[in-house]
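Construct all of the structure, not just a fragment, from the sequences and the given hints.
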Amino acid sequence: MFFTAPPRLQIRTPSPTTIEFTVTTSLPPSLPLFILRPLLSTLRLLSLTTLTLLLLTRLFPPSESPPLPLLSFLTPVLALLSSLPIIPQALALPFYQFYPTLLLATYVSLYRVSTQESLLVMKQLGVQTSTTAGTLWGQGRKTRFIPTANVRDVVLLEGFWGWQVRYYVAVVVEGEGKLVVVFPTLLPRRETCEIVWRGARKCL
Amino acid sequence: MRPLLLAIIIFIAGYFTARYSLITQVIDLSISAWERGVVGRATKAFLILSIFFFLFCIPIERIVARDPSVVSRKYISTRTTATTRKLLMGPPPSDDLMRIFWPLDISRSSALSAPSSSTTISIMANPQPGVLVGWRNSAMDIFVVAVLTGLNSARIENELRSRTLFRKTTHNLDRMFQLCGRNQLHVLGELNGNPPPDDRLFSPDYIHAFTYKTSRLPRIWCPPGSGITLQVILFNRPYPRQMEYLMLNPICLVLEDKPKDDEDEILEDQDEREERIKQKELIEKLKLHSVAKRALTEKEQSLQRIIDQINCSYETRDLIVENAALLASRRQRRALSVSERVVESAQSAWKSFLRMCVETAKFLWPFITTAFVCIMLFWRCLADILLQLLEWRLRPEYAAFKDISATAQQIDIRLQQFCYWPLQYVTLRRRKGDWDSVTTSHPDYIRFYNSLWLVANDIIIGIALGSYIIENAAAVAYGIDYYLRVYTVEGIKHMIHWLMDQPLGLKLNNDLAKFLGDLFLWVVDYWAGTMTSLRPHLPYIIYAIGISSFAGASMPIALFSDLLSLLTLHILSFYIASARIYNWQLTIILSLFHLFRGKKRNVLRNRIDACDYGLDQLLVGSVLFTLLIFLLPTVLVFYILFATARTAIISLKASLETCLAFLNHFPLFALMLRVKDPQRLPGGIRFELHDTTEVSCAFGNEPDAPASYILLKSTPLTVTQIFDQYFQLALRIRKHYISPHVILCLVTGRFVPPLHRRNLYSMQYSMLPTRRASMWEVWSKVQGEERRD
Chain R
1 MFFTAPPRLQ IRTPSPTTIE FTVTTSLPPS LPLFILRPLL STLRLLSLTT
51 LTLLLLTRLF PPSESPPLPL LSFLTPVLAL LSSLPIIPQA LALPFYQFYP
101 TLLLATYVSL YRVSTQESLL VMKQLGVQTS TTAGTLWGQG RKTRFIPTAN
151 VRDVVLLEGF WGWQVRYYVA VVVEGEGKLV VVFPTLLPRR ETCEIVWRGA
201 RKCL
Chain D
1001 MRPLLLAIII FIAGYFTARY SLITQVIDLS ISAWERGVVG RATKAFLILS
1051 IFFFLFCIPI ERIVARDPSV VSRKYISTRT TATTRKLLMG PPPSDDLMRI
1101 FWPLDISRSS ALSAPSSSTT ISIMANPQPG VLVGWRNSAM DIFVVAVLTG
1151 LNSARIENEL RSRTLFRKTT HNLDRMFQLC GRNQLHVLGE LNGNPPPDDR
1201 LFSPDYIHAF TYKTSRLPRI WCPPGSGITL QVILFNRPYP RQMEYLMLNP
1251 ICLVLEDKPK DDEDEILEDQ DEREERIKQK ELIEKLKLHS VAKRALTEKE
1301 QSLQRIIDQI NCSYETRDLI VENAALLASR RQRRALSVSE RVVESAQSAW
1351 KSFLRMCVET AKFLWPFITT AFVCIMLFWR CLADILLQLL EWRLRPEYAA
1401 FKDISATAQQ IDIRLQQFCY WPLQYVTLRR RKGDWDSVTT SHPDYIRFYN
1451 SLWLVANDII IGIALGSYII ENAAAVAYGI DYYLRVYTVE GIKHMIHWLM
1501 DQPLGLKLNN DLAKFLGDLF LWVVDYWAGT MTSLRPHLPY IIYAIGISSF
1551 AGASMPIALF SDLLSLLTLH ILSFYIASAR IYNWQLTIIL SLFHLFRGKK
1601 RNVLRNRIDA CDYGLDQLLV GSVLFTLLIF LLPTVLVFYI LFATARTAII
1651 SLKASLETCL AFLNHFPLFA LMLRVKDPQR LPGGIRFELH DTTEVSCAFG
1701 NEPDAPASYI LLKSTPLTVT QIFDQYFQLA LRIRKHYISP HVILCLVTGR
1751 FVPPLHRRNL YSMQYSMLPT RRASMWEVWS KVQGEERRD
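Protein chains in written order, with my numbering: chain R, 1 to 204; chain D, 1001 to 1789.
Everything labelled a hint here was simulated from the structure, so no lab data went into it.
Bear in mind that the values here come from a model prediction, so they are computed numbers and not experimental data.
Mixed in with the good hints, there may be bad ones.
Under the rule of at most 20 Å between Cα atoms (straight-line distance), these lysine to aspartate or glutamate pairs were calculated in the EDC-like manner [claimed, not checked]: (1) Lys1287(D) x Asp153(R); (2) Lys202(R) x Asp1096(D); (3) Lys1280(D) x Glu174(R); (4) Lys178(R) x Asp1271(D); (5) Lys1299(D) x Glu176(R); (6) Lys1285(D) x Glu191(R); (7) Lys1735(D) x Glu1272(D); (8) Lys142(R) x Glu194(R); (9) Lys1285(D) x Glu174(R); (10) Lys1285(D) x Glu176(R); (11) Lys142(R) x Glu1688(D); (12) Lys178(R) x Glu1284(D).
Have a look at this one:
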């Protein structure tokens, strides 16, 4: 993907009893990135506005008279939009192609570029895994906090994943039949996992 | 009381909106406002103001905030990496962990000190020193509740011990202490006091904290030599009056009084049960794998108690601060002089009149409530009788009336809700006599108002639907009659004629097809004749359905569903007849096939044995086998036709049932709360680690023991969790109907087993208790509530 780097580990430890491991695919901070990021946000905003306008034009065609009075201030914008190259063809699509395309475009413009997953270990308090991936809204952010009383163990395991063997860190939770996998989408390499596992064990 | 009033107001508003088409008028008004350019002017003004704000206010604020914090970033970053390295390589951290829970509003309200300048790192003498008061969960685990100003710590300790600080309490004080799991508040330390001399070591009994204007985080004085690491957990107090609270586990929107095992046995099929047993074994096995489980320290076990303390902290703080202010500003009262008394009595003449009115009302109040309770109990009696009727079974194994008809079930649900409301309301009223921080009844509150709101919504939609149906009864009746005739009579006739006449060029057996087709056509004709005699009465039936919809939109839907199953009775009978014929034929073919191979099915052993048949037996069997094989396609096409028709009707009814489910059990209130105030739907907690550089910058680079700042937040319930029941129901239906067993039944023409009723409708009943309270229980509970008032 664009704007992403191979997963790398960041560690934050303000005190030896609290430690946060973050695996992220975002690019390390640099000047081009500093310029690109606002550009990307602008592009996102622009595409979302265009999509909304497209939907409005589709639902209330400006050629129909009389146009909705509340939407009349949009007429010049819509006229401008219709003069752009692809837009008229897009508006002429049948509904079973138009709406899925619109949904897909919305998803793409809301798609989060980089994935970030972290494990926060707090001594005598608990373990928290969190994932930030997918779209900007909705199911993208997930956190799960496990109190120390429920943590049976933190383990480093290997498992099959497609055609390869991957190492992963997992938390064994008291009374649950399933392991809680740490960094479930990125599944970083063994060296990283080892650092995380050692750090978490020491901290707990 | 307020939410009830609100619900009634919303209901009335909804009614008026529906009645006088307020929405259209509002749109007209907004259009006229638009035409006069109101919106344009408002937008312009808003734009100008926001541009001004972005251009001037925000940059200035940022610059001011940044200025003192731009100190020695380099130093801090090197220190961070050093700690990281030490942690990963070095020995495990010592056990001396001091945990401090710190409400964020303290830092905000009492940070009156000027920002510490970047050059002089010394802590400035603070004009607003205070004493920290809170719970001491263990020696190294403290929970700050409030900051008291204007009193010294020794006096506060005394007052806390003698409980003078809790004098103005409105509710039982011991209850609060019991909630928080402690029996005493303590003085924990001081805020913004004089810095202790450098040679003293850190003592967890009396901490020194400082707040700064540049940061919302407190700084805890702790020299690095003391060998203690700090963990400051910051939280925002939930506001109990708004029913905000924190929970470790997600809040449960379903009523949990069902007997669990009994329920599970019905809901689960074989696979699920096996899966569960296997998982239990796995968990047990896993327990054997950890060699030595160290005993949990008190700090680790106290998480639930701390969550309770956080929930209570708002009210505790208010109580203490109020009393402390009274103590600090206690002054002597002097007796009133004569002139003052005259003035006061003149002023209170109106008040005494009011008091008389109140006294009269108080005298009448018990009579009014008793009368009201009696009326309610009378209605409750009627409801009970009706419910008994609906649940009555001819024999225990037969289906009750409410299991057959959707209308009966709808009435049953409404009546059960009606029976449960008084009890729910009593539970909610009881909340008044207790602290607001007691969070046990909050799910009850959500359930109660959800069901009230749904009923109100149902009635509003019903009024709109009903008035339409009544006004257009003839047209609606004509439409229903037309569609029924075209699809269930004419359509079926047409299809049967088509099947009798070599459909798709298939060479079916003409004679059998003619026989079967004539049979079905004769029944359809008879049914059509009955329908014709019913036709003149249909508008009246529709009119009656329209009137019933004033009891809620769910009523006409349920009635329509019942009407549909009545008016398509012939298709059901065709389906059963053709399925039977088809199934018999298949069974005969199967057994003849065994005969063909010289085998026989042994019913006793449930297996296929070899068998010696006579020559005539074999001959007749083979002839019959061939015959039936050639006749099978003809029967099959009829079976397919009626099975398809039946499936179509079932899916139509299923969609109506889905509508009913949405009207009866939509988490409307929960969704509104999720939008309005996510903190009222707690779905667990999460932590956020504060950036080290930010923390150190705010305080300057005074050497301190390593401290981590963690922000505790509430995670609201996700939308998926709110709709969890719907997903479970969908999963169960999918598992049942798209299973190989059901498809096999459909293919061989056997009876398709329906999903267990309790399974299908468990969602609609999930907000209701399984056992209805008896009249006596209701009476005693309501009376008890009155006496308490």
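Now for the hints, and whether the structure bears them out:
1. Lys1287(D) x Asp153(R): Holds, at about 10 Å.
2. Lys202(R) x Asp1096(D): Distance of about 15 Å is within 20 Å: holds.
3. Lys1280(D) x Glu174(R): 12 Å, holds
4. Lys178(R) x Asp1271(D): Answer holds: Lys178(R) to Asp1271(D) is near 18 Å, not above 20 Å.
5. Lys1299(D) x Glu176(R): 23 Å, violated
6. Lys1285(D) x Glu191(R): 30 Å, violated
7. Lys1735(D) x Glu1272(D): 11 Å, holds
8. Lys142(R) x Glu194(R): 24 Å, violated
9. Lys1285(D) x Glu174(R): 12 Å, holds
10. Lys1285(D) x Glu176(R): 12 Å, holds
11. Lys142(R) x Glu1688(D): 13 Å, holds
12. Lys178(R) x Glu1284(D): 13 Å, holds
Hints 5, 6, 8, counting from the list given before, are not met by this structure.
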